[in-house]
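Visitor: Please work from the sequences and hints to get the whole structure.
Top to bottom, those sequences are chains S and F. At position 75 of the first sequence the residue is numbered 75 (the working numbering), and the sequence of numbers has no breaks. At position 125 of the second sequence the residue is numbered 125 (the working numbering), and the sequence of numbers has no breaks.
Treat the hints as calculated values from the structure; they're not laboratory data. Among the clues, some could well be false.
Derived DSSO-like pairs: lysine-lysine, alpha-carbon spacing no greater than 27 Å straight-line [claimed, not checked]: (1) S/99 / S/127; (2) S/152 / F/115; (3) S/102 / S/51; (4) F/99 / S/30; (5) S/137 / S/51; (6) S/102 / S/58.
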Amino acid sequence: MLAVDRRLILLSGLFCILALAASASHAQIKSADSIPQANLIEPADFADQLKKSAALPKPVILHVGFRKLYAQAHIPGSDYAGPGGDEDGLKSLSERVEKLPKDTSIIIYCGCCPWGHCPNVAAAFAKLKDMGFSQVKVLHIAENFGTDWVDKGYATITSP
Amino acid sequence: MTRFAAMLAALLLAGAGAAAAAEPPPDFTRADLNGNSVHLADYRGRVVLLNFWATWCGPCLAEIPVFARWQKQYGPQGLQVLGISMDDDQIPVQHFLQKTPLDYPVIMGDTALAKLYGGVLGLPLTYLINPQGKVEGRYLGGTDLSAVETQIKRLLARP
Numbered sequence: 001m002l003a004v005d006r007r008l009i010l011l012s013g014l015f016c017i018l019a020l021a022a023s024a025s026h027a028q029i030k031s032a033d034s035i036p037q038a039n040l041i042e043p044a045d046f047a048d049q050l051k052k053s054a055a056l057p058k059p060v061i062l063h064v065g066f067r068k069l070y071a072q073a074h075i076p077g078s079d080y081a082g083p084g085g086d087e088d089g090l091k092s093l094s095e096r097v098e099k100l101p102k103d104t105s106i107i108i109y110c111g112c113c114p115w116g117h118c119p120n121v122a123a124a125f126a127k128l129k130d131m132g133f134s135q136v137k138v139l140h141i142a143e144n145f146g147t148d149w150v151d152k153g154y155a156t157i158t159s160p
Numbered sequence: 001m002t003r004f005a006a007m008l009a010a011l012l013l014a015g016a017g018a019a020a021a022a023e024p025p026p027d028f029t030r031a032d033l034n035g036n037s038v039h040l041a042d043y044r045g046r047v048v049l050l051n052f053w054a055t056w057c058g059p060c061l062a063e064i065p066v067f068a069r070w071q072k073q074y075g076p077q078g079l080q081v082l083g084i085s086m087d088d089d090q091i092p093v094q095h096f097l098q099k100t101p102l103d104y105p106v107i108m109g110d111t112a113l114a115k116l117y118g119g120v121l122g123l124p125l126t127y128l129i130n131p132q133g134k135v136e137g138r139y140l141g142g143t144d145l146s147a148v149e150t151q152i153k154r155l156l157a158r159p
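Guide: Set out below in C-alpha cells:
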C-alpha cells in the first residue's frame with residue numbers, strides 16, 4: 001500500500017514538473033493579443049488600401065511566418081522574412097529592414113494559425129519596435145491566411 | 001481546377017467545414033519519418049484521419065494526444081491516423097516525436113502535397129476519409145473533437 005502511495009506521489013511530482021516545463025516554454029511565446037489595437041490592420045482594409053494605393057509608394061510588406069505557407073500563397077509584393085518566433089527568423093527580419101529609414105511604413109503578417117496562437121507576429125512586431133521603427137502595422141488574421149485572405153478573394157500570389 | 005479543389009470550394013461556399021463531400025482525396029506516396037513508405041490508397045477499407053499539423057502550432061499540439069488515443073482505441077476497429085507535418089524543417093519534428101512517440105505514421109508535408117489538398121494555408125487541418133476512400137469531413141482550425149469522434153464511430157459502425 002505504502003509502495004503504491006509512493007509511486008502515486010512520484011507520478012504526481014513528475015506530472016507537476018512536466019506541466020511547469022510546458023507552461024514555461026509556452027510563456028516564452030509572445031501572444032499576438034499583446035499587440036496594441038492601434039497597430040493592427042484588418043485584412044479588408046489592407047486589401048482595399050493595396051488596391052487604392054496602386055500608384056503610390058507601397059509599404060514594405062513582410063511575411064514573418066513559415067516558408068511552406070509563404071511558398072503556397074502570399075500577398076503580392078511581400079517578401080519572406082522568416083518566422084518571428086525563432087532567433088534565426090528575427091535575425092533575418094533585422095537584416096531585411098536594417099537599412100530602411102525608421103519611419104518606413106512596414107506591414108507584417110503570418111496567418112499560420114488562429115490569432116491568439118500565432119507564435120510569430122508579436123515577436124516580429126516587438127523586434128521592429130525595438131529597432132526603432134515607428135510605422136509598423138500587423139495584419140490581423142483572425143483564423144488563418146487561407147480563410148481570412150485567400151478565400152476572401154484578396155490579391156494573392158500562389159505557387160505555380 | 002481539380003475536382004478535389006472544386007469540392008473544397010463548394011464546401012467553403014456552403015460554409016460547411018465538416019460536411020460530407022464524398023470525393024476521393026488526392027492520393028500520395030511519401031516516406032514517413034521512420035523511412036517507411038506511406039501510400040494513402042493502401043488504407044482503403046479503413047477510416048483515415050489525415051491530420052496536417054506542425055510543432056509550432058499550439059492547437060495542433062493540443063489535438064495530437066487525442067488522435068494518439070483514438071489510434072489506440074479505434075485502431076483495432078479500423079481507424080488509421082496519418083500525420084503530415086508542415087514544419088519547414090524535419091529536426092523539430094524528430095525532437096517532438098522523440099519526446100512524444102506516436103503510434104501512427106508521420107510524414108513531412110511539402111508545397112506540392114499541400115497544393116494537392118487545395119492549399120494548407122492554416123493549421124490545424126484534418127480530413128476524415130471513409131473506408132471507400134471518400135472525404136467525409138474537413139476540419140480547419142479549432143474543431144469540436146467530440147463531433148469528429150462521433151463521426152469516426154459512425155463510420156466504423158457502418159457494415
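Visitor: Take the C-alpha atoms of residue 99 of chain F and residue 30 of chain S, compute the straight-line distance between them, and say whether it is at most 27 Å.
Guide: Distance of about 24 Å is within 27 Å: holds.
Visitor: Would you check the hint for residue 99 of chain S and residue 127 of chain S, treating anything up to 27 Å between C-alpha atoms as holding?
Guide: holds (15 Å)
Visitor: Does residue 58 of chain S sit within 27 Å of residue 102 of chain S, going by the straight-line distance between their CA atoms?
Guide: holds (16 Å)
Visitor: Quick one, are residue 152 of chain S and residue 115 of chain F close enough, alpha carbons at most 27 Å?
Guide: holds (18 Å)
Visitor: Holds or violated: residue 137 of chain S and residue 51 of chain S, Cα atoms, limit 27 Å.
Guide: holds (18 Å)
Visitor: Check the hint pairing residue 102 of chain S with residue 51 of chain S against an upper bound of 27 Å on the C-alpha distance.
Guide: holds (25 Å)
Hint violations for this structure: none, all hints satisfied.
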